[in-house]
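Here is how the chains run, residue by residue.
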Amino acid sequence: MVLHTINKVAALDKCRGLIGPDDLVVLIEDGVYLALSELPFRTYALEDDLLARGLQHRRLESVISIGYQEFVELSVKAEKICSWF
Amino acid sequence: MSSILFILSGAPHGSINAQESLDALLMGSAFTQCSALFLGQGILQLVSHQETDDLGVKNFALGFKALDEYGVKRITCSVGDLQQLGLSTDDLMIGIETLDDMAMRQIIKDHDKVLNF
Numbered sequence: 007m008v009l010h011t012i013n014k015v016a017a018l019d020k021c022r023g024l025i026g027p028d029d030l031v032v033l034i035e036d037g038v039y040l041a042l043s044e045l046p047f048r049t050y051a052l053e054d055d056l057l058a059r060g061l062q063h064r065r066l067e068s069v070i071s072i073g074y075q076e077f078v079e080l081s082v083k084a085e086k087i088c089s090w091f
Numbered sequence: 197m198s199s200i201l202f203i204l205s206g207a208p209h210g211s212i213n214a215q216e217s218l219d220a221l222l223m224g225s226a227f228t229q230c231s232a233l234f235l236g237q238g239i240l241q242l243v244s245h246q247e248t249d250d251l252g253v254k255n256f257a258l259g260f261k262a263l264d265e266y267g268v269k270r271i272t273c274s275v276g277d278l279q280q281l282g283l284s285t286d287d288l289m290i291g292i293e294t295l296d297d298m299a300m301r302q303i304i305k306d307h308d309k310v311l312n313f
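Chains A and B are the protein sequences, given in the same order.
Start counting the first sequence at 7; every next residue gets the next number (our numbering).
Start counting the second sequence at 197; every next residue gets the next number (our numbering).
A couple of the hints might just be wrong.
Straight-line distance between alpha carbons at most 20 Å, and here's what the computed EDC-like set of lysine to aspartate or glutamate pairs gives [stated by the list, open to error]:
no.	chain 1	residue 1	chain 2	residue 2
1	A	Lys-86	B	Asp-308
2	B	Lys-309	B	Asp-297
3	A	Lys-83	B	Asp-306
4	B	Lys-269	B	Glu-247
5	B	Lys-309	A	Glu-85
6	B	Lys-309	A	Glu-79
7	A	Lys-86	A	Asp-28
8	A	Lys-83	A	Asp-28
9	B	Lys-305	A	Asp-29
10	A	Lys-86	A	Asp-29
11	B	Lys-305	A	Glu-85
12	A	Lys-86	B	Asp-297
13	B	Lys-269	B	Asp-306
14	B	Lys-309	B	Glu-216
15	B	Lys-309	A	Asp-28
A few chain B residues that face chain A, going by a derived Cβ cut-off under 8 Å, partial list only [claimed, not checked]:
no.	residue
16	Met-300
17	Val-310
18	Asn-312
Think of the hints as simulated: they come from the structure by calculation, not from any bench.
Glycine included, every Cβ here is placed at the ideal spot set by N, Cα and C.
The whole structure should be built from the sequences, with the hints applied where relevant.
In structure tokens, the structure reads:
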């Protein structure tokens, strides 16, 4: 499993085709705006970044809100991490 | 020994990023097995006949010709992105392996670490 972090909306264009069915996506910083639209991946978003942008209650239900603790746990579980920015 | 995949996705002369990423790739390959994947506008780094003299900046792209000597075995790019840019492999200064989405996911799997630039 590869963990992909996305930190801005435009960065999704770079990695869209590279995210496999076993992979997961963590939206961080301005990337959390992607939580407003349907994504074909297992998607998490950092709670602090959602809160700061007023998205905590606007995000799609399919996007799971996580804290730093869970972010670290997912990072440890992942075989490798790809940062898209 | 860890293998490293360098993903290069920025255009060459608008910022220092592309030059820095080539330096990192050359340095990394002196220590361990490295490969390169050019994505999106990163492919523009490899366009042949770049002339930067009048711009007053270093033509760092010439360094890509050294990748072979540094033992960078797999130099790859996204075939879809290449086509989207209106380019073919003939437009590029070095030979390159073109990969579809599936093959790109595989090359990420095949390396221990991935560094994005």
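| Hint by hint, which ones does this structure get wrong, listed from lowest number up? | The structure conflicts with hint 4 only, although it agrees with all the remaining ones.
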